[in-house]
Amino acid sequence: MATYLEFIQQNEEQDGVRFSWNVWPSSRLEATRMVVPLACLLTPLKERPDLPPVQYEPVLCSRPTCKAVLNPLCQVDYRTKLWACNFCFQRNQFPPAYGGISEVNQPAELMPQFSTIEYMIQRGAQSPLIFLYVVDTCLEEDDLQALKESLQMSLSLLPPDALVGLITFGRMVQVHELSCEGISKSYVFRGTKDLTAKQIQDMLGLTKPAMPMQQARPAQPQEHPFVSSRFLQPVHKIDMNLTDLLGELQRDPWPVTQGKRPLRSTGVALSIAVGLLEGTFPNTGARIMLFTGGPPTQGPGMVVGDELKIPIRSWHDIEKDNARFMKKATKHYEMLASRTAANGHCIDIYACALDQTGLLEMKCCANLTGGYMVMGDSFNTSLFKQTFQRIFTKDFNGDFRMAFGATLDVKTSRELKIAGAIGPCVSLNVKGPCVSENELGVGGTSQWKICGLDPTSTLGIYFEVVNQHNAPIPQGGRGAIQFVTHYQHSSTQRRIRVTTIARNWADAQTQLRHIEAAFDQEAAAVLMARLGVFRAESEEGPDVLRWLDRQLIRLCQKFGQYNKEDSASFRLSDSFSLYPQFMFHLRRSPFLQVFNNSPDESSYYRHHFARQDLTQSLIMIQPILYSYSFHGPPEPVLLDSSSILADRILLMDTFFQIVIYLGETIAQWRKAGYQDMPEYENFKHLLQAPLDDAQEILQARFPMPRYINTEHGGSQARFLLSKVNPSQTHNNLYAWGQETGAPILTDDVSLQVFMDHLKKLAVSSAC
Amino acid sequence: MSQQGYVATPPYSQPQPGIGLSPPHYGHYGDPSHTASPTGMMKPAGPLGATATGAMLPPGPPPPGPHQFGQNGAHAAGHPPQRFSGPPPVNNVASSYAPYQPSAQSSCPNSMSTSSVTQLGSQLSAMQINSYGKSSGVAPASQGPPGPLSVTSFQTPPRPPQPSILQPGSQVLPPPPTKLNGPGASPLPPAMYRPDGLAGPPPPNAQYQPPPLSGQTLGAGYPPQQANSGPQMAGAQLSYPGGFPGSPAQMAGPPQPQKKLDLDSIPSPIQVIENDRASRGGQVYATNTRGQIPPLVTTDCIIQDQGNASPRFIRCTTYCFPCTSDMAKQAQIPLAAVIKPFATIPSNEVRMIYSLYLVNHGESGPVRCNRCKAYMCPFMQFIEGGRRYQCGFCNCVNDVPPFYFQHLDHIGRRLDHYEKPELSLGSYEYVATLDYCRKNKLPNPPAFIFMIDVSYSNIKNGLVKLICEELKTVLEKLPKEEQEETSAIRVGFITYNKVLHFFNVKSNLAQPQMMVVTDVGEVFVPLLDGFLVNYQESQSVIHNLLDQIPDMFADSNENETVFAPVIQAGMEALKAADCPGKLFIFHSSLPTAEAPGKLKNRDDKKLVNTDKEKILFQPQTNVYDSLAKDCVAHGCSVTLFLFPSQYVDVASLGLVPQLTGGTLYKYSNFQMHLDSQQFLNDLRNDIEKKIGFDAIMRVRTSTGFRATDFFGGILMNNTTDVEMAAIDCDKAVTVEFKHDDKLSEDSGALIQCAVLYTTISGQRRLRIHNLGLNCSSQLGDLYKSCETDALINFFAKSAFKAVLHQPLKVIREILVNQTAHMLACYRKNCASPSAASQLILPDSMKVLPVYMNCLLKNCVLLSRPEISTDERAFQRQLVMTMGVADSQLFFYPQLLPIHTLDVKSTTLPAAVRCSESRLSEGGIFLLANGLHMFLWLGVSSPPELIQGIFNVPSFAHINTDMTLLPEVGNPYSQQLRMIMGIIQQKRPYSMKLTIVKQREQPEMVFRQFLVEDKGLYGGPSYVDFICCVYKEICQLLN
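First to last, the protein sequences are chains D and X.
Residue numbers for the first sequence, in the numbering used here: 1 to 767.
Residue numbers for the second sequence, in the numbering used here: 1 to 1038.
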């Protein structure tokens, strides 16, 4: 077994790919019987310090419909300098530059260790990165101050030649012109009027219709940079200017009367930002960074009216179809998001407010464009400040961990077709022979656009085995998939990363064990979860849960070992053993449960779930719990109420929160001040240990988690109690009769009950 | 609205004949079809004239003789007294007789008066008696130069007074017998000689009791006769010479002398002005009497408010209303008042500093009649020991509010009569309470917003820089209340081309901030805080801004501009700041950029002289109309400085300024070195002007008549409330009255004009002007009490309003017809029976024909393609808000001989008539009409004067390319510049000086202003016109 685990791990490290099945069922019928689809989690830009990009361009298959990239799986005839495409079997001539190749003198792309390889393209003008700040000014004074400082700070983190722009909004929307000396100049737009891209560009003077007639020809080429430079300027040129400008930013001066929300024109502001970039820098890497401190309250995209007495929509309202503005607003933002995606720009949303800010409606902006979504209570918190700072962290090469305007092209060998993808991407609607008619996620295409991505951005890509049952694949045959990612590196180079992988086919009837052993339950859990969450966006919650349950039961029926109608006999092999537990926690997770979450929170959680890599996703599904005690080194413990013990300190990581929980006794000790006594220094250390570990996590994670330090009986302890498996509740506490652990006040079923039911259903012949 | 005004008259006409126009004419205005008939009438006149010639004998002379005696008595009594205070009458008489001697006399009008004295002696004492009627007890009483005394007494006299007309006839007097014979004969001959004798002026005086004559009979026939030598014959014919070439007889005679003769023999405005000045100038005029006729606008005197509003505030076309509408209809004299509620009061009349007495009743607010809501005023009669009062307007008896109670004295007057301005004064102000405020909220101090067109041409010619520089100093002088340290007015700045740039000039900013609004389709205000600021606080930021603006757009090559959005923006800004205010817009081109209010060049000369000509005066789109309404609703006044280099459609652009009580300034083909001074003076003047904002005016009248039509920079949403976004000291509203019912001679006709407004410091106030007029059932009283200057003001405004809706031809005909009708009515009803051919003018209307001719010759009414459409629209708009003094000067420019300047005197030289015949090659003349100023230099002007004024050796060296005289230390120069200063001083517009050399091209322009001559672009000379009118009258009489 270790071999498969190693194999999986190695694959992930080298290629950033994890498949649900590492041995593939060789026919369509069998594949469907496997329940969990053949799919993979792909991290296209997985950091590979050991993989320097090669300085030339890839060699492509000459068949126009294929254009696969030369890779180690291709058969090469060194003598005739021909290579055969392993996807379409087209025989191709090597380009002249490859004249000298031989068995001993292979180009990198033919070496097996370069199953993933990155090419650097020298062609084409390099365009600078663009950062367009869209800043809400309807903030409290200290919030605005903090935000201003963060923004000013960020200027120093940007590459000097990056272009920056500034749009501020409140009741009005102001596009600041950064080029002018002296007087500061801005273009102002009404926050209530939706404008077309054309109008925006006209109004900003970005289109110069009649002018060319007058102006001399030579001026023409100059036009473009000049026009755009008014609003987007290289950081190094206007650094001081912009710093001052930000410093002088005032709160929105329009009076807000008692009982009203400030009028906030987020919809128009975004629309203008999108229009501005659309007109000036289409298909260039650009981030629109929206900083908002409350819900849009006027104009297109408004989420709630300005009357404070009418609260912003809740899940309850939405279920009752009582959210007046939701549909319209969502439509507005979706329209913006798709335009942005078409232009290759991405939109980040940094929403900091105690109440909801309309992320539900705006989520598509980040989701479809690969932008970030950050939710916090205030801009004046370390959560925001550090998260924001982390966006600009650099990798080992000193480059930003961000890439822009990527397209992901997936090629498969004939037995496979592409069913779809789930992640921060939009379809490019490229139909091809390898596109399946059945869609899972965003389907119907073999190419997707990912406008913004970072080394951890991960897509779930779903496939379909199309080989007919009666047309078996020759023994030892391998299926191959190639992922080609074109993107703009943060150093502004265009690059192409090519990952080609192959897996063995196996006949499920004869080789089920192989297939079973090659099951990657972690990947499968995440892939299934993504499907579930994807469905949850459009379907009713209970339906999704039912679907998940049914899939789980079917899987157990297929791969469990049991005697019919005997639930006690039910067993799952090691490679499946954790899967039901993941599903249990997934069912309880905020990705599928909206109870106790606002629509904004749900959107936020789902946003991150759909883009994080496998490890992080698993943490989200099933939080990690570490226990610290005097009895030994910290150890991971079951995410179970039985783990909550009086003499332990618990550290829980749910991805979004880091919770440190002091057991009852520990809390009392601390209260008594033992940690300050020299003779109890070990206690001090014990207290410190989880803090240090938490810091480590906090440092590394994006977005920075909410950090909660609580103790037994603390109100914040609810974060822990709501996550653990309620093995002890007020209902069964005495039945168990033990004093270990903490009872959870819930009616939710515990894992044990869940498993019992699962077994019962799996072994029953009814379904 | 305006159209209705004219058209609607017919309905009113029945009750109130007095209106503007004779009934038949109404039809013409409203209905083009009728137009034919008037013209038809005109034509017949020609023939008539011919016939008249045949019957020459009867016309001119006859009436005078016989009537004179009777008339004199009556007339003299009636007229002179009214015009002049006690002493003057004598003069009149004297003057009236003057004619006799004139032949002997010298040419100068001035000499006249002196001569008159001598004449006096020679005159029959009887005459005097007659004239003054002292001898005849009854008559004099009626005259009651002091006036008001007994209305009844008047009635009797009126008849006789008519004779005043005769006065002109006075000339006739001597010849009375002759008249009988061949009326004109005797007078005529003398006339002839005189003309020969000298340049026009002198002889006329002599002949025609020139100025002093209170009433003139114009022997139409006179001049002609002279020509012919066959006196009478000429009489009839003469009138036509100008207008109708037809009359051969005249032609036969020596034509030249004729004309000169004519001019001198017909009433001279200069003489009328001079006479009034001589008799009333410098005196104290107390307004303690109902219906008394104030001095002419051209006469300087000190006015003392003793219960009626000063004529500076209100002037009426007549100070005696006819009692019935039938009478009014008969006379066709418009009953109107020209109200200038914020008129500047000269410092020597000022009691409170710069303002009126302020009455503050605290929270209870002004005391008002319960029924008609008239404000407490001297016309309220206290009764029942002071517990109640009867409203003078509606007669309602009201309780006196307890806080206001005061006992009455033995004559029924409150004991505090003299302590309370509202009881003893004609004009005063109330502090308004919350009830009088918008939304029941005290107003905020107003704001001024400066909006500068920064399109390419304005930057290029340096205008933007000029404005910015000037603003830096002129903002120091924002108007403020006397007691305040600094002005409460806030200022804001916008620049624009086809987009708008707002500026944040908040005091705590290091640099101003510019905010560009490009959404001109739906303009909005991008900022609230920091846009309107206190100048003192933000001075450094503002200066910073003004320094930068010219540079900021230096590279701009934007040619297109918007206009309506600019106004909209200003209005929205004021709305957002919740304050009234004024926009100063500096604009130079046709707004062709895509935006609301976009205009296209529609200057189509082909429309001139067609029924569609009116289109040129109408705005191109209704955007501006609704914009103006919005502006008024938010107290936003728009003042527009236009710098057009080509057609900019003033008719459209000027609409908002006009309807919002703003001012339109136009500097065509602006050139920095020539025109900047004029512009800067206007700008300074306009900013510093006394002004009230967000005003509503209501004119209340006593029972029997009411205000029916309003002209001026106003907007009316109903028939009674006159809304004005702002009203400044130069704006007048002309109000027309019509009868509802009979008026009583006892109670007279009372007018109360109340203006509710916001002061420059944001106080809400009511300004009240009260005026009492007489009523009479005698037409003669009516004619005696007329004021021609006000009449012309009314005629001009009503005609210019009608221009929007009716063909100009019709309007011109109506004006001519009405003039004729008014005079015919007088002739028929007031003048003693006389030969039909005699032209008899009431004393008070002596100059009506010449002024009317000037009005008709104004470029607005003159349909000539040579005249720029914009200029016509501009002048039309200008006149609509003019007060009486301004319109008088505008239509009849002041022409001063400079070469005869007495450098030791501080008074202005006596003006001469606006005719080329008064110019001389050796003379230098200064002409001013309130818009332009010309210095005309004869080819042989005295070199010492040229040296003195221009500091150059000779005529040839004079550079005419200047708009300011060089500051030479010479007394001539100083004197001349002082004179120009005095003329300029009282005028709302800065006049640009043009130097004109005789016989050089620019002289053509100058000639246009010699209004007694035949117009450059057509329009009859004074002489021709008077003949034409005469003919009309004959027609009517027949």
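Do not rely on the hints blindly, as some may be mistaken.
Result set (DMTMM-like, lysine to aspartate or glutamate): computed pairs, CA atoms no more than 25 angstroms apart in a straight line [stated by the list, open to error]:
#1 D:Lys260 - X:Glu572
#2 X:Lys439 - D:Glu679
#3 D:Lys193 - X:Asp578
#4 X:Lys498 - D:Glu141
#5 X:Lys612 - X:Glu349
#6 X:Lys498 - D:Asp194
#7 X:Lys600 - D:Glu248
#8 X:Lys439 - D:Asp306
#9 D:Lys193 - X:Glu871
#10 X:Lys506 - D:Glu140
#11 D:Lys198 - X:Glu558
#12 X:Lys460 - D:Glu181
#13 D:Lys260 - X:Asp578
#14 D:Lys237 - X:Asp529
#15 X:Lys575 - D:Glu565
#16 D:Lys260 - X:Asp529
#17 D:Lys198 - X:Glu560
#18 X:Lys598 - D:Asp194
#19 D:Lys328 - X:Asp529
#20 X:Lys506 - D:Asp202
#21 X:Lys506 - D:Glu248
#22 D:Lys237 - X:Asp551
#23 X:Lys506 - D:Glu149
#24 D:Lys198 - X:Asp630
#25 X:Lys472 - D:Glu181
#26 X:Lys506 - D:Glu141
#27 D:Lys198 - X:Glu594
#28 X:Lys575 - D:Glu181
#29 D:Lys193 - X:Asp682
#30 X:Lys506 - D:Asp142
#31 X:Lys598 - D:Glu140
#32 D:Lys193 - X:Asp529
Think of the hints as simulated: they come from the structure by calculation, not from any bench.
Remember, predicted model here, so these are calculated numbers, not experimental data.
Cross-check of the supplied hints:
no.	hint	in the structure
1	D:Lys260 - X:Glu572	23 angstroms, holds
2	X:Lys439 - D:Glu679	77 angstroms, violated
3	D:Lys193 - X:Asp578	23 angstroms, holds
4	X:Lys498 - D:Glu141	36 angstroms, violated
5	X:Lys612 - X:Glu349	49 angstroms, violated
6	X:Lys498 - D:Asp194	21 angstroms, holds
7	X:Lys600 - D:Glu248	43 angstroms, violated
8	X:Lys439 - D:Asp306	24 angstroms, holds
9	D:Lys193 - X:Glu871	41 angstroms, violated
10	X:Lys506 - D:Glu140	21 angstroms, holds
11	D:Lys198 - X:Glu558	20 angstroms, holds
12	X:Lys460 - D:Glu181	22 angstroms, holds
13	D:Lys260 - X:Asp578	20 angstroms, holds
14	D:Lys237 - X:Asp529	30 angstroms, violated
15	X:Lys575 - D:Glu565	81 angstroms, violated
16	D:Lys260 - X:Asp529	20 angstroms, holds
17	D:Lys198 - X:Glu560	20 angstroms, holds
18	X:Lys598 - D:Asp194	23 angstroms, holds
19	D:Lys328 - X:Asp529	33 angstroms, violated
20	X:Lys506 - D:Asp202	29 angstroms, violated
21	X:Lys506 - D:Glu248	12 angstroms, holds
22	D:Lys237 - X:Asp551	22 angstroms, holds
23	X:Lys506 - D:Glu149	23 angstroms, holds
24	D:Lys198 - X:Asp630	31 angstroms, violated
25	X:Lys472 - D:Glu181	22 angstroms, holds
26	X:Lys506 - D:Glu141	19 angstroms, holds
27	D:Lys198 - X:Glu594	15 angstroms, holds
28	X:Lys575 - D:Glu181	32 angstroms, violated
29	D:Lys193 - X:Asp682	40 angstroms, violated
30	X:Lys506 - D:Asp142	22 angstroms, holds
31	X:Lys598 - D:Glu140	43 angstroms, violated
32	D:Lys193 - X:Asp529	22 angstroms, holds
Violated hints, listed in ascending order, are 2, 4, 5, 7, 9, 14, 15, 19, 20, 24, 28, 29 and 31; each of the other numbered hints is respected by the structure.
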